[in-house]
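**Student:** The lines below spell out each chain.
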Amino acid sequence: MPRILRVLLWIAVSLLGALALATVALHRGEQINALWLVVAAVCTYAVGYRFYSSFISAKVLALDPLRATPAERLENGRDFIPTNKWVVFGHHFAAIAGPGPLVGPVLAAQFGYLPGTLWIIAGAVLGGCVQDFVILLFSVRRDGKSLTEMAKSEIGRVGGFVAYVAVLSIIVILLGATALIVVNALKASPWGTFTIAMTMPIAVLMGFYLRRIRPGKVLETSLLGFVLVLAAIFGGQWVSQTPFWAAIFTLTAPTLAILIIVYGFAASSLPVWLLLAPRDYLSTFVKLGTISLLAIGIVVLRPSLHMPPLTRFADGSGPVFAGTIFPFAFITIACGAISGFHSLISSGTTPKLIRHEPETRFVGYGGMMAESMVAIMAMIAASVLQPGVYFAINSPAGIVGQAPEVAATTISSWGFPLTAAQMATLAHAVGEQTLFNRTGGAPAFAVGMAQIFSNTLGGQAVMALWYHFAIMFEALFILTIIDAGTRVGRFMLQDALGHIWKPLGRTSWYPSILFTSALIVAAWGNFLWQGIKDPLGGINSLWPLFGICNQLLATVALCVATTIIVKNARVRYVFVTLIPLCWLVAVTFTASWHKVLDSNPRVGFLAHARQLAAAGANPRLIFNDRLDAAITSVLVVMVATILIESTLVCARIISGTQSAATKEAPFVMTRLAAEEQL
Amino acid sequence: MTNNSRCDGRILSSSQAKRGAIVSLLSRVARIITATLREIFDESAYQRFLERSNLQSTRSAFAIFQRENDQAKSRRPRCC
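These protein sequences, in sequence, are chains D and B.
308 is the number that the working numbering gives to position 308 of the first sequence; each next residue is one higher, with no gaps.
63 is the number that the working numbering gives to position 63 of the second sequence; each next residue is one higher, with no gaps.
Possibly wrong hints are sitting among the right ones.
Said to hold, decoys possible - Reference listing, derived: stretches of chain D covered by chain B, where coverage requires no fewer than 3 residues with Cβ under 8 Å from a Cβ of chain B:
hint : stretch
1    : 71-83
2    : 269-276
3    : 341-347
Note that these hints are calculated values from the structure, not bench results.
Even for Gly, the Cβ is constructed at its ideal location relative to N, Cα and C.
Kindly produce the complete structure, drawing on both the sequences and the hints.
**Tutor:** Take a look at the structure:
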């Protein structure tokens, strides 16, 4: 394309993006179309990718197309495999996309669609995409080393230890928080519970089919599993309408929590091929399909947003979770904007598949852009709901009241008109007994998604099917994370305990498997139990705690990246990672301060503990609050330590008192580029 | 300027050439999507395992592959 046309095209994209952002930000009073959010995001991502990531590639990282990657140098057909960039992109995206970008924006929509949307777009372009990109490249240049190893070798032993503890903590809190989402989505829902229960025998059947009947035909098996899951959704409707079966599958929150804890323990101890692997395949299949379907649905149907751009809850009095926009919107939405967890994937499997160094830009920066787009879709799904309906679903009974009439009156008094009859009709339409107090984000997302699709695909008659499809999709997603996460946590624990007593480190020794599985399950099970016993609905405490953990891990990743940039003598470009690092430090440290010390009992753990103690509440609830405060404080102190250590390393290098040697693998000329040209 | 283009010794009209280009683009996209799905769902990894080990696809070969693959898979974190 001629240069002048290219320039004109990018000017047009920038202007369109600016117009869309202005419309999203400045429009007041009337509903706007969801497509404005999509256009604003797509144009900003395009400009960010074309110019900012290109600047980082050339000036900060100096990507070298002639340098052989570990996939080429260490190729073994097993972990290190030079792979087509599109294939690596798909693989990377499938690994980073979890329930986080769906749940976070739905919860943050209580502030209105504007704060969350702006944070998702700006956070991704300037923070999340940069983090994923630089960590991926630095891992590629270090033979695919993990974040923990890089922290240890580039910053110091403390860095490695902090990264290890942060990873383990985030896994435990993530599992507790997401398990709570499943419990809240399935409690008193025979249809949903039956569908999810059926995914377990379906996964086992898939495992046997794959092993005995069609070895290696994973796609075929996943398709078969998907058809069976669809049958289970239809079967769930019948179950919910049959009194005998409905009674069996109508479970309370504590019962569901116990079942999920038992499931987590079993999944961690059973052979991978029997349950974990087939569920993982099934979950990925449904995930990729549903995300694509939702994207097409939003673009084709162009729904209107009913949520205002800003709600009165910007002051911190929100019913979904307490706290002001700053810092709480920025920790509630982690995965769609910047997520520390991604740095584990960017320094895990992905760097071992990269064929050429310049492809890290497409995979790292581009992969996060795609994830961010999923978060925008979740924000749209939450914002197409009438605000009254959104708050009725997401507010805990402790805030709005237990009885439907009382809850409807409370929500209407906030300026969001709602009647109990309206909610009863909606609950009936989606095949539930009630939609009040279904906290956690998943039910609200499911109702939003069902509304978007039922407007054309099948109409109101199939709204219940769409709703339960969305619930199944999220619960399946989360249960896969629970079984995989419990196992990863178990391995990490075994690696650590092996230093204390060698047999505990043997990953195939059954007493060690059972012991460490029990420890991990007990750790996240405790958070889950805490969530269901919390009168404020659990999400109010657990999701911010998870967000703080996740963003603290991102702080660790950006500390590592900043130190390496300084060591590479690129100090004048250090702002690329330093700005998101400073922002995250401000956000996470402020949020931690509020969560521990704020005098508002809905925000501060210690204030809540004092309130409970004064009211003579259950000592267990008081202990939970103090435990949350202690965990938050310990994490903050540890991250502050790594921050200080990396600052000292950078200062010594800049002043010339320390060698700037990095632990990069030596340069080897690539052969692949020449071979591909032949 | 001419509306025709030469390809493999035949004269193609511009619309035929355009159609050919679209078909080739679509088939390339389909190939990439299939390759991506095969990589995500470990079918490519199994194929590489068979080639590396000089084995035919059988139940026992797949069981060996799963043992090897599961070790790595179960240590991989799934993102939030």
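**Student:** Could you run down the list of hints and mark each one as holding or not?
**Tutor:** Here is how each hint holds up against the structure:
1. Given a C-beta distance limit of less than 8 Å, the hint that chain B covers the stretch 71-83 of chain D holds, as 5 residues qualify and 3 suffice.
2. Interface restraint, the stretch 269-276 of chain D with chain B: holds (4 residues with C-beta to C-beta distance below 8 Å; minimum three).
3. Only residues whose C-beta sits within less than 8 Å of a C-beta in chain B count toward coverage, and the stretch 341-347 of chain D has 4 of them, enough to reach three; the restraint holds.
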